[in-house]
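Letter by letter, the chains look like this.
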Amino acid sequence: MTRPAAVMDLPRRDAADKVRGRTLYTTDRVRPGVLHGAILRATVPAGVIRKLDVAPARAMPGVRAVATAADAPGMHGIGVADHPLFASDRVRYNGEPLVAVAADTEAQARAALEAILVEIELLPAVLTMEAALAPGAPIVHEGWKDYETLFEGGEREGNIAWVARVERGAVDAAFARPDARIVESVFRVGRQNQAPFEPRSALAEIRDGRVEIECSSQVPWTVRSVTARVLAIPESQVRVTVPPVGGGFGLKFDATIEPVAAVLARLTGRAVAVVNNRQEEMATCLCRENADIRIRSAIGPEGEILAREATVLMDAGAYGGEQVFLTTMTAHTLGGNYRLGAARLVTKAVYTNTPPNGAFRACNGVYNTFALERHTDEICAALGYERMEFRRRNVLGDGDLGATGQVFEGDVLGPMLARAEALRERTGSAKAKAGNRLYGRAVTVGTWFVFVGPSTSTVNLHADGSASVVTTGVEIGSGTMVQALPQIVAAELGLSPEKVAVRQADTDAGGLDMGVGGGRTTVSLGAASMAACAEVRRKLFDAAAELLQARPEELVLREGRVEVAARPGAGAPLTEVVAHAQARTGPVSGSGGFTRPGVPAMPGCAAGHFIDAIDIPVFCVHDAEVAVDPETGHVEVLSYNVVQDVGRALNPRAIRGQVQGGVVQGLGYALHEEITIDEEGRMRQVNFESYRIPLAGDAVPVALDLYEGAPSIGPLGAKGAGEVPILNVGAAIACAVADATGRKVSQLPLTPPRVLGLLRGRDPELRLDHV
Amino acid sequence: MTVTLRINGDLRSFATDPMRPLLDLLREDCLLTGAKSVCREGFCGACTVHLDGAPVPSCLVPVGLVGDREVTTIEGLGLAGEASDPLQQAFIAEDVVQCGMCFPGMVMSLGPFIAAHPGASAEEIRQAMTGNLCRCTGYERIVEAALTALGAPR
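If you read the protein sequences in the order shown, they are chains A and B. For the first sequence, position 267 (counting from the first letter as 1) is numbered 267 according to our numbering, and the numbering increases by one without interruption. For the second sequence, position 23 (counting from the first letter as 1) is numbered 23 according to our numbering, and the numbering increases by one without interruption.
One chain only, chain A, in its complex shape (with noise of 0.2 Å):
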């Protein structure tokens, strides 16, 4: 396989900024003389607003505008349009936005909030999914039944916001059968905060009559969308444009406070900002959910499995948001890694009067797969199978069927899986270093996607050999933008990296895009791009044809020259050919689009899913060794391996950061980043002082093998390689501590205290009856 000019460890573009202080990001272009906007939130879980009396604090100093419910009167949601701006009548979650002040200065802003009158009655509260499940128990969403649904097909009812099912193959015939072995697991898990570093900030202003919003955020389009449909404007009349952005993980991929900027930037007619302190950051987190999960499997005589049953209960907390989208993602994660005989699989988004949760890496892929790997783990120990051995005989290869009856291509887990030993060969073991503490292994699979969808890019040349290229894709940290994106472009047009600019996202200026996420940024982008360098080509081509007397179908880019294929050195400068279309045919540009082919999936198997089937499946073998210490309960990792199919790697050196990354962010989750939501539906852990992201002394370095070659429709056969590296990372780390100890892992993050509890046997076992 000869590589593709477009492979290479090219730098990042923005580092030298980044490094030293240069970079803005939104957070830093609040400049003087533009108003703060602050928000006034409730501070009960639910209730009635009998009162809200907003007149004193437009009476305060510095006060420019007050904002209400009345300002912004439209709804938003995923798959339902369930979420307004600011509650009106109801408060269903502590934290829900009431009012917005624009002031002078963020103090006079704030000072103002406390002005106003607020009276609420309180009403009961549900606040965890068990409560909201209950006979009788208060519904957080009374006219549910009204809602303006965004998406068919899912099944709605009371606190249930949406329902995916799944049911493939006789399941109920294969749990009957008399040789039949079946093993169940219940799993419980809590929230995960993304913390990024700039929170999530959003400057507003009115220019020609339209609203303009700088943000911080992974989804301009978004952002658009929903500003004007939360003020019932036109989509035309909002513009986004977002600047380098410090860290999203997933939380932006939803607007917030973007409309709330834009809402006082349209009643005080100035530049308005609202940027989140880390307090308000951290208290109204979209977090990775909490989840409750049942996994049962039906093991055949020769350990295959006959069919497997799942429910998993995602808190989508007080509006449905992406757990309403995520919902879909339990087929994929619960049955795409494992050949299924017969699978049913329901997932149900509920809500409760907690604070909304959201987008983070790989979403409920990562506590499904930490379930699944954990009750793979199950399986084995119940029936006495070798779980490597076990692995290898199940998982999913060339032509088996997903849940929703996919065919999946090629044999890509069980080579990975060879791929795994091998490097374990090659790193060793380090074993010895956990000395009198209880050791652990675990070796564990995990299946995610690249979240395809349409993308646009326009690719500009120019006379003096280089090109420009305008998309409305975002640089979060992730590298596409500055990496990636320039070594396509420059491969297709045989130009170097730096003569490739690109442009940042403004939504008046390129096409659609889904967003920064889910994997997609280089796939998606990368694909549009290479249309659009093909268009630039043809006219590049045609333009050379006529100035070299040769066909169009003959002629190369080659070092920014346009050549004979066949004549080397016979042909002319790129510039002089750009040149020469400038003056005859018109400038050479390109667009191109893309977005999901849509991979079918057997028709009848999947209800209430946005997508049945994955376009581009993402494997991950994750080789994780612990040790355990019996007298605190401490966690240790000694070594952490991983194998991970990438398609292509674009840029080898960029992956093996966001790997390195990925796993530790994924290790914080499974050892000590904790979220719990106390009495008053407040999550306890609003500030770095609580809530415990990883130190440098927590990391561990990470032994990597890049897979290549899987099948994928992405860009030189790449696929997304930011978004999957957290993936099974609780799962490997959990097996691997079940390992150590013997013990039932069935809960995350393993913090000292839970880890104790479990060496001790001092904690009832989880039943989850409700699940």
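No lab work stands behind these hints: they were computed from the structure. Mixed in with the good hints there might be a few duds.
Residues of chain A clear of chain B, computed beta-carbon distances all greater than 10 Å [what the hints assert, rightly or not]:
#, residue
1, K18
2, R22
3, T23
4, A81
5, M388
Pairwise CB distance ranges (calculated) [unchecked claim]:
#, chain 1, residue 1, chain 2, residue 2, range
6, A, R653, B, A122, 42 to 48 Å
7, B, G9, A, E148, 57 to 63 Å
8, B, L11, A, N687, 33 to 39 Å
9, B, M1, A, G697, 39 to 45 Å
10, B, F14, A, E689, 48 to 54 Å
11, B, F14, A, P73, 53 to 59 Å
12, A, D146, B, M1, 44 to 50 Å
13, A, D89, B, F14, 45 to 51 Å
14, B, G9, A, A565, 58 to 64 Å
15, A, N687, B, P112, 54 to 60 Å
16, B, P62, A, A534, 31 to 37 Å
17, A, R31, B, P62, 21 to 27 Å
18, B, A122, A, R762, 36 to 42 Å
19, B, P62, A, T676, 30 to 36 Å
Cβ-to-Cβ under 7 Å is the rule here; a few derived chain A residues that face chain B [unchecked claim]:
#, residue
20, R12
21, V19
22, G21
23, R278
24, G477
25, E636
26, R653
27, Q660
28, L695
29, A696
30, A699
31, P701
Please read these numbers as outputs of a predicted model, since none were measured by experiment. Glycine included, each C-beta is placed from N, C-alpha and C at the ideal position.
Given the coordinates of chain A, work out where chain B should sit on it, guided by the hints.
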């Protein structure tokens, strides 16, 4: 009250509250936004500046207590030219940066440490980074780049 500070070599006076965090004065009054406002509680290190060459989290320093100490921000390192600091060069060359929000603070904290500890080990560098959080990178490349900046064999 009036507070007079020497910032990146310039003597400047500000009419401000002496209890105001130095971070806010730098970002809002001087538009020196290289120091990042992330946790504002001294946990993350993203706002680190030098006072007389010593790294401090500027969110915890009231402007009234700076006195006549020289304030150096990330913008004051290497001033106009290219990033000449070996640590910055290693961060760029080794593709260490991701979102970048923590890096000005990393440079301000680790720079003086490696200058004072030319023989530092990876473990000592990790310990020196305890006050600087990073959410993107998983730290290892930062440690490796710091070793490169020290000219340590790898």
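Hint check results:
At roughly 3 Å, the least C-beta separation between K18 (chain A) and chain B is not larger than 10 Å, which violates its mark as non-interface. With a cut of 10 Å on Cβ distances, R22 (chain A) falls inside the contact zone with chain B, its closest approach being about 7 Å. A cut-off of 10 Å between C-beta atoms contradicts the statement that T23 (chain A) is not in contact with chain B; the least separation is 6 Å. The Cβ of A81 (chain A) lies farther than 10 Å from every Cβ of chain B, with a closest approach of about 32 Å, so its non-interface assignment holds.
Distance check for M388 (chain A) against chain B: the nearest CB is about 26 Å away, which clears 10 Å, and the non-interface claim stands. A C-beta distance of roughly 20 Å is found between R653 (chain A) and A122 (chain B), which places it outside the suggested range of 42 to 48 Å. In this structure the supplied range 57 to 63 Å holds for G9 (chain B) paired with E148 (chain A), their Cβ-Cβ distance being about 60 Å. Checked against the hint of 33 to 39 Å, the C-beta distance between L11 (chain B) and N687 (chain A) comes to roughly 36 Å, which is consistent with it.
As the Cβ distance of M1 (chain B) to G697 (chain A) is approximately 42 Å, the hint placing it in 39 to 45 Å holds. Taken as a hint, the range 48 to 54 Å is violated for the pair F14 (chain B) and E689 (chain A), whose Cβ atoms sit roughly 30 Å apart. Distance hint for F14 (chain B) and P73 (chain A): a CB-CB separation of about 44 Å, inconsistent with the stated range 53 to 59 Å. Roughly 58 Å separates the CB atoms of D146 (chain A) and M1 (chain B), a value that falls outside the hinted 44 to 50 Å.
Between D89 (chain A) and F14 (chain B) the beta carbon distance is about 47 Å. The supplied range of 45 to 51 Å therefore holds. Checking the proposed 58 to 64 Å range against G9 (chain B) and A565 (chain A) shows it holds: the Cβ atoms sit about 59 Å from each other. Distance hint for N687 (chain A) and P112 (chain B): a CB-CB separation of about 27 Å, inconsistent with the stated range 54 to 60 Å. The hint said 31 to 37 Å for the Cβ distance between P62 (chain B) and A534 (chain A), and at roughly 60 Å that hint is violated.
For R31 (chain A) and P62 (chain B), the hinted distance range of 21 to 27 Å is satisfied, since their beta carbons lie about 24 Å from each other. Checked against the hint of 36 to 42 Å, the pair A122 (chain B) and R762 (chain A) passes, with Cβ atoms roughly 38 Å apart. For the pair P62 (chain B) and T676 (chain A), the beta carbons lie near 34 Å from each other, so the given range of 30 to 36 Å is met. Interface hint at R12 (chain A): satisfied, since its Cβ lies 6 Å from the closest Cβ of chain B, which is below the 7 Å cut-off.
Against a cut-off of 7 Å between C-beta atoms, the interface hint on V19 (chain A) holds, since the closest Cβ of chain B lies about 5 Å away. A least Cβ separation of about 2 Å between G21 (chain A) and chain B falls short of the 7 Å threshold, and the interface hint therefore holds. The beta carbon of R278 (chain A) comes within 5 Å of a beta carbon in chain B, closer than 7 Å, and the hint placing it at the interface holds. A hinted interface residue such as G477 (chain A) counts as satisfied when its beta carbon comes closer than 7 Å to some beta carbon of chain B; here the least separation is about 3 Å, so the hint holds.
For the restraint placing E636 (chain A) at the interface with chain B, the shortest Cβ-Cβ distance is roughly 14 Å, beyond the 7 Å limit, so the hint is violated. Annotation: R653 (chain A) was flagged as interfacial toward chain B, and the flag holds, the nearest CB pair being 5 Å apart, inside 7 Å. The restraint placing Q660 (chain A) at the interface with chain B holds, with a minimum CB-CB distance near 4 Å, inside the 7 Å limit. Hint on L695 (chain A) holds. Least Cβ distance to chain B is approximately 6 Å, under the 7 Å limit.
A least Cβ separation of about 4 Å between A696 (chain A) and chain B falls short of the 7 Å threshold, and the interface hint therefore holds. For A699 (chain A), the shortest C-beta to C-beta distance to chain B is roughly 4 Å, which falls under 7 Å, so the interface hint holds. Hint status for P701 (chain A): holds, given a least beta-carbon distance of 5 Å to chain B, under 7 Å.
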